Amino acid sequence: DTAVSQTPKYLVTQMGNDKSIKCEQNLGHDTMYWYKQDSKKFLKIMFSYNNKELIINETVPNRFSPKSPDKAHLNLHINSLELGDSAVYFCASSQGAMRTGELFFGEGSRLTVL
Amino acid sequence: RKEVEQDPGPFNVPEGATVAFNCTYSNSASQSFFWYRQDCRKEPKLLMSVYSSGNEDGRFTAQLNRASQYISLLIRDSKLSDSATYLCVVRAGTALIFGKGTTLSVSS
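Chains A and B supply the protein sequences, listed in that same order. The first sequence lines up with residues 1 to 114 when you count with my numbering. The second sequence lines up with residues 1 to 108 when you count with my numbering.
Take these hints with a grain of salt, some might be off.
Stated by the list, open to error - Below are the EDC-like pairs computed for lysine to aspartate or glutamate, each with C-alpha atoms no more than 16 Å apart in a straight line: (1) A/K36 - A/E58; (2) A/K44 - A/E58; (3) A/K41 - B/D7; (4) A/K40 - B/E5; (5) B/K45 - A/E107; (6) A/K40 - B/D7; (7) A/K40 - B/D39; (8) A/K41 - B/E5.
Said to hold, decoys possible - If you anchor each label on the Cβ, the simulated ranges turn out as follows: (9) A/K9 - B/G54: 35 to 45 Å; (10) B/E56 - A/Q95: 21 to 31 Å; (11) B/S53 - A/N62: 43 to 53 Å; (12) A/T7 - B/E15: 34 to 44 Å.
Derived from the structure by calculation, the hints contain no laboratory data. In this text, all values refer to a predicted model and were calculated from it rather than measured experimentally. From the three backbone atoms N, C-alpha and C, an ideal C-beta is built for every residue, glycine too.
Isolated chain B (complex conformation) (with noise of 0.2 Å):
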């Protein structure tokens, strides 16, 4: 079993949809959730952190089920700004845990 699973899309939207995307972790003693985004053939960067109570950036709402070992990434109103991978971060320990991303692309 992946320690981080997530649906690899690829997620084809249009712009101004609104678009979901769920993540499972494994290991139930993980600490820390995050989201990073990753551009084609660039680097990962942090896009928001994951906090028990949910929490809002924007057009971006991240929400985490404990019990459940859930994460998910809601976009509103999408942007073609927003096409990337997106990728689901667990800490565990001293390590961040990465699942292999959800491609999203917005399309005008």
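For reference, chain A alone in the conformation it holds in the complex (with noise of 0.2 Å):
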């Protein structure tokens, strides 16, 4: 069983058109993450909630917007693609809030904007 499931896994898709990458854990941890790593291989951090709660929101533009149904969940809506946006999304879960530092990834997301 994939203990942190993204889909779609790959997406392309054109300027202007909204899109979404869902992500679901089945490790029963508490805290789940959206990172986002672009082409110069940079990982950062866009937004973390913890059961359910909003507890990172870096400086991302709003037209991100991350939502948690219940805690074994965490999608990622994006308005507006633009080509900049194009990277691999990571969602990542974690007991604790950061406390023991081990993330448990997802396989990625590879949007392409064209």
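Hints are included, so try docking the two chains, each in its own frame, into the full complex.
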């Protein structure tokens, strides 16, 4: 069983479109994250939710909106996609909002904006 | 100044070599330190935590110098399977801050 699963794995779309990426974890963790890894491989945190409550909201355009319907799911919706949004988006989870330091990542969703 | 800085490499070494990676961090209030490994086109995975006293896990040794805000990873007897990008990671508050990674390529 995949611990952290994201869908879709690949997404190719046009500028201006709206898209969503879904994430689910079956580890029973209470904290979930979205990270963005750009073409230079820099992995940067975007959002974090602990028990469905937003606890980290980095400087991210408000075109990006996370939603956590329950603590096992964290989805990412992106409006009005731009070329610069092309990246790999990783979902991750952990127990205890970083007490252990171990994040469990999904396989990533590779977004290409044309 | 970047929060976590690493030499990007690549480090190209033969099998059996010993290789060391360095990392510096800017936030003196950082609380915890880690090395993650990321294979090509895969997700990052925790390699090991880094403790003030230094710690070892098989062929891997991690060191932390809080005064210099410096972290290191030593890999002994490199294997082909060690080829990957090694990410220095620092926890400040509730966020894990990742360095850009150092790429290692081990050849036969």
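request  = Find the hints from earlier in the document that the structure breaks and name them by number, from lowest to highest.
outcome  = Violated hints: none; all satisfied.
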